[in-house]
Amino acid sequence: MSATLVADNLGLAVRGRQLVAALGMRIEPGQVWCVLGPNGAGKSTLLRTLAGLRAPDAGRVLLGGRDLAAYRPLELARQRGFLPQSVVDTFSLSVMEAVVSARHPRLSFWAWGDDETGNARRALHTFELDDLAGRDVTTLSGGERQRVNIATLFAQDVDVLLLDEPLASLDLHHQMKALDELVRVALGDGRSVVYTVHDINLAFQHATHAVLLDGRGGAIAGPKDDVVTSAHLTAAFHHPIHGVTLGDELFFRAGRLNGDVA
Amino acid sequence: MTFASAVRLWSLLLVVAAVVVGGSVLLGGADSSVPASWEALVSRADTPMHAIVWELRLPRAVAACGVGGLLALSGCLMQVLVRNPLADPYTLGLSGGAAVGALGAMLAGAGAVLVGVSAAAGALVACVAVFVLAHRDLLSRQRTAHRDDSTDLILIGVMLASGFGAIVSMMLVLAPDKNLRGMLFWMMGDLSGVGSWLLPVVSLVACVLLVAPLGRQLNLLVRGEESAAALGVRPPLVKTAIFVVASLATAVAVTTAGTVGFVGLVVPHALRRVVGNDQRVLIPASAIVGGILVVVADTVSRVVADPIQLPVGAVMAVIGVPTFMFLLVRRR
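Chains as they are written, first to last, in the working numbering: chain B, -12 to 249; chain R, 2 to 333.
No lab work stands behind these hints, which were simulated from the structure alone.
Take these hints with a grain of salt, some might be off.
[Claimed, not checked] Now the in silico label distances, taken between C-beta atoms and shown as ranges:
1. R:Leu199 with B:Ala42: 26 to 34 angstroms
2. B:Asp235 with R:Arg235: 44 to 52 angstroms
3. B:Gly175 with R:Val275: 42 to 50 angstroms
4. B:Thr104 with R:Ala113: 25 to 33 angstroms
5. R:Val8 with B:His185: 20 to 28 angstroms
6. R:Trp11 with B:Gly129: 52 to 60 angstroms
7. B:Ala57 with R:Val330: 44 to 52 angstroms
8. B:Gly3 with R:Leu181: 55 to 63 angstroms
9. R:Ser6 with B:Gly130: 42 to 50 angstroms
10. R:Ala271 with B:Ala56: 19 to 27 angstroms
11. B:Val170 with R:Pro323: 30 to 38 angstroms
Small disclaimer: the values here were computed from a predicted structure and weren't measured.
Where is the CB? At the ideal position from N, CA and C, for every residue including glycine.
Given these sequences and hints, build the entire structure.
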């Protein structure tokens, strides 16, 4: 029952400033999309719009052929999950409680809700958090907390995963681990994944498709090889970015500001 | 915590509450011994003691229990609403609004009923003012991503409270001497002249039944509106619901007992340390423990300086102020 997420002629504007003029994209099951672009280009806004957490400023977003606005929030929460850029906890709760809370959309209104911990335990195990299950989330380090948030999203068990900066504050091992898991659930389980990221190379290695925003209305979406090119990146980021082939792999590096020789 | 252990906890607390109410009924000033009170409680003889126990102490204890529960529940809900452990009806200026309403009515020479009604109206006006000023987006769907407006809310509450405080001082200065004592006692919380003593308890039960099923959604809301919305909660709807319940609960409490501060702050905070921050468990537990605390405080205020009755609000403040300071300092 995996569903296709479609952005149809999508326009995004924040405080009267147009970020995206008309974006068309089809996110099919089994695809991994990365969203690239400079600061303030509208990456988070795009993700939140795709998640149905804000209304599009133009066009529409369809999940399984149905406009997101026509979904009941609970119904939507059983199909798509969203990882916010940051979750700030002002009150203590245990890691296990945080992860189990993602089961909310699957429970009936009157259910108490502590019966189903299988998913949560698996998600904790995936992100090497078994030992932290009983810890208070407010005492965790930034990276540990981010892993808990990603595990929470996995425990939600949805077909469409939208992640805003999932790699923020993760160490290298856990960055690779998180990306690997995202690719696995997409290619292996036939889910679809969309994430924003700043590291172009990590994105390029762990994505099938890409969206590149320039923050002035321009947006390019498609298979990554068509979108992530030196010319497109240089134009979008306002900075010379060159492709370098190392072994068989294509890498991108930004030119130095004072007389680069690449 | 599983449902079974939550039920065990609530039952235990209910038993304690019953014992405390019983104790409060039996304890009195120096001229009434516990055995004499007990005899009056169980016998049907129409003695003066019988009247004291059945017509003064019991209604007062039951009303205190209801008021405490309502204030604790309201504090608990407001803390969820603004995601800040310092929120409660007192710190957000609701009690100040109620005081302006009630004292205004007293100045105008209104009777007890009208004083109660205008206290409730004052609390609701303050409530609306706080939230309209701080949460302009309470009902809107569009909101900016990571806005943290809980500091705004507390500051607005504090400013409103001092504004109301100024109005209250002016009223006190202008008031004729014969009204002064009643006004002062109202402001410091007073359960001695309780009118409809069942109203607080009935409202408390109604509020708990209304809010308790939302526990799981409140748990999600506490962690942030955006992630809650992504998990299928409708934040504007749930927030409006708990806002209305919290304001009405405060209004009923204030109408019954005047200004009793800090219950909404101390009780949820202390309970969180014991049972954790699971709203499903915490909200009913707070309601019961709030009742217990105010019954104890009221009994102390009644007995400790007999024959003088201390205002229950003052006794609560002695407990509440250090707790508030501790909370503030520890948050750094």
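Legend entry - Index of numbered hints that the structure contradicts, given in increasing order: 1, 4, 5, 6, 9, 10 and 11
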